[in-house]
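Residue numbers (UniProt numbering), protein chains in the order written: chain A, 1 to 314; chain B, 1 to 314.
Incorrect hints may appear among the rest.
[Unchecked claim] Below are the DSS-like pairs computed for lysine-lysine, each with C-alpha atoms no more than 30 Å apart in a straight line:
1) A:LYS90 / B:LYS18
2) B:LYS73 / B:LYS263
3) B:LYS263 / A:LYS109
4) B:LYS131 / A:LYS132
5) B:LYS311 / A:LYS73
6) B:LYS18 / B:LYS298
[What the hints assert, rightly or not] With the C-beta cut set under 8 Å, the calculated list includes, among others, these residues of chain B facing chain A:
7) ILE12
8) PHE41
9) SER44
10) PHE46
11) PHE47
12) SER48
13) MET50
14) GLU86
15) GLU88
16) ASP89
17) GLU93
18) PHE96
19) GLY112
20) LEU115
21) ASN121
22) ILE182
These aren't lab readings, by the way, just hints derived from the structure by calculation.
Since this is a predicted model, take the numbers as computed values, not measurements.
Built from N, CA and C at the ideal position, the CB exists for glycine as well.
Okay, here's what each chain looks like letter by letter:
Number of protein chains: 2
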Amino acid sequence: MKLKDIGEHEFIRRSLSKYLGHNIFYDIYTEDGFTYKIDGFQLSYFFSFMDYYDIGWKAVTATVSDIITSGSKPRIILSSIGVNSEMEDKQLEAIFYGIINAAEYYEVKYVGGDLNNSEKNGWIDIAGIGKKLCDAKNNPEEGDIIIISDEIGFTSEVFISYLNNFNIPIHEISKLRVKHPIVNKNILNFYKEFCNYIVSSTDISDGLLISLQNLSDRLNYSILIEDFNINHSVYENLRRYGYGVNDILKYSGEEFSSLFVVKKEKAQEMLEWLYHYNFSSKILGKLGKEGENEIKYKGNKLAISGWDNFKGWY
Amino acid sequence: MKLKDIGEHEFIRRSLSKYLGHNIFYDIYTEDGFTYKIDGFQLSYFFSFMDYYDIGWKAVTATVSDIITSGSKPRIILSSIGVNSEMEDKQLEAIFYGIINAAEYYEVKYVGGDLNNSEKNGWIDIAGIGKKLCDAKNNPEEGDIIIISDEIGFTSEVFISYLNNFNIPIHEISKLRVKHPIVNKNILNFYKEFCNYIVSSTDISDGLLISLQNLSDRLNYSILIEDFNINHSVYENLRRYGYGVNDILKYSGEEFSSLFVVKKEKAQEMLEWLYHYNFSSKILGKLGKEGENEIKYKGNKLAISGWDNFKGWY
Chain A
1 MKLKDIGEHE FIRRSLSKYL GHNIFYDIYT EDGFTYKIDG FQLSYFFSFM DYYDIGWKAV
61 TATVSDIITS GSKPRIILSS IGVNSEMEDK QLEAIFYGII NAAEYYEVKY VGGDLNNSEK
121 NGWIDIAGIG KKLCDAKNNP EEGDIIIISD EIGFTSEVFI SYLNNFNIPI HEISKLRVKH
181 PIVNKNILNF YKEFCNYIVS STDISDGLLI SLQNLSDRLN YSILIEDFNI NHSVYENLRR
241 YGYGVNDILK YSGEEFSSLF VVKKEKAQEM LEWLYHYNFS SKILGKLGKE GENEIKYKGN
301 KLAISGWDNF KGWY
Chain B
1 MKLKDIGEHE FIRRSLSKYL GHNIFYDIYT EDGFTYKIDG FQLSYFFSFM DYYDIGWKAV
61 TATVSDIITS GSKPRIILSS IGVNSEMEDK QLEAIFYGII NAAEYYEVKY VGGDLNNSEK
121 NGWIDIAGIG KKLCDAKNNP EEGDIIIISD EIGFTSEVFI SYLNNFNIPI HEISKLRVKH
181 PIVNKNILNF YKEFCNYIVS STDISDGLLI SLQNLSDRLN YSILIEDFNI NHSVYENLRR
241 YGYGVNDILK YSGEEFSSLF VVKKEKAQEM LEWLYHYNFS SKILGKLGKE GENEIKYKGN
301 KLAISGWDNF KGWY
């Protein structure tokens, strides 16, 4: 069977989980107080408003996002890049400047890596190692609160506009979120402050619903949604072109926002802390029944949609 | 300027060294007793006698080779793979079997990683983290001995035959060295036994001469060659088709043999130890004058040739 017919998520579930256990391809690996992550993409995944510098920056951000969201301070990153040898040296240099600048921003040591030829598109991978600051050991319980660190919808606006040949206008902030995503380093201070009340976390890489489904599978609790925290003016803009909440959720990949499952009694204090540090956080919802693996909104089970590397958006 | 005109090695020297220091793209990174490496290649780099399983195995071996040769026990590996979604699921599974089997063989924990779509060729990267067993702290001196862990020439035979449309016969062992390379894990016991007498080490990835030049640059000593340790029957075979020592050296990439710079007084004992453990080691040569960065054979300076990812063989 072809990979495009199975899809990435199902391939991992069907073919790899039996050897490697669950979640291994979605989450970060933690052992002895260190966290390990590798993340990458092919070089053809970029828009006309992005340049090679942005590619390097974005690749580092994608890896660092998982490390920071897991409550670990990123320490070391390595890169592996494949490019066509017809490329101009200045373009490859720009990728490295992007990596080096991002490494400075996230205060992580960039220690080099590998460089290869690629006959076609090329690729970039960033491996990262972090040091765990908080070992969140709380068991999940019904009623635990799910906080989303920031508003979403910005990347959806870009992806949906892209699918419409860019005939839908895009907010400048949305373009920036795709071109130059930034993970808020204050998440690490959030962990330091509230470590004892955090149950679990994940970032939003393939779309909010996929992240929620992974969270539900991992904790083995259903998730009851209250508010998706979609940016209002993005919502209004897309609504004018016939796109609704479901579409925004489907196309919400690469937001680099974080989801935190936290203890109810601290949720309000956490939100206030996050506002204070300029996050636009909200309570997304809460854990429902143990042993159920559904995502529910207004009493209805949501169909999971988002990005699959082999299928595309589904 | 195009990358193919500068070449990978010169690009690193010219554009990256100023930011990242020297050697950062050739060697392994070491900090606080841990070693870090990422290594990869595009998926089109394989011969008809190789299958997808071999790709996974070989990618792990390439990364583990650097870690083991540096005197570190490999502990954790992660993979990032890009493949075309038209690929059969069984083929991608085979890559993972190769990774998983190699991880078992090298006693390293495989903890997953990333999976991506690639419109064309695809790629595989393996990141590895090792624990330093020996912190070789000896300063180099004129007269230090260079040991090569094994005979070379096997991969040269395959590459040279390939450049001749496989009209030159290939020894079975040579084919195996390319298809299913194995790093001898006893190198770690060698380090345990002789740690106090080892000055430096490197593996042979882009060709013996390039590895020697890197070693010479790093230690800041010239290198005087005595014997290249080329396998006799490979040498005889290639000689019949007009290829000599220089050609074998030029095409000697991906041997996964190790070079050790060691103290003279222990060299003989080390060689005996290595013979005992079935290495076909030899004294390759010794360090010459400090401050010189030449490779000399029979009094003549050797021109450096080997593999460059942007130029090819040069």
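Q. For this structure, which hints from the list above don't hold up?
A. Hints 3, 5, 6, 10, 11, 12, 13 and 22 contradicted; others consistent.
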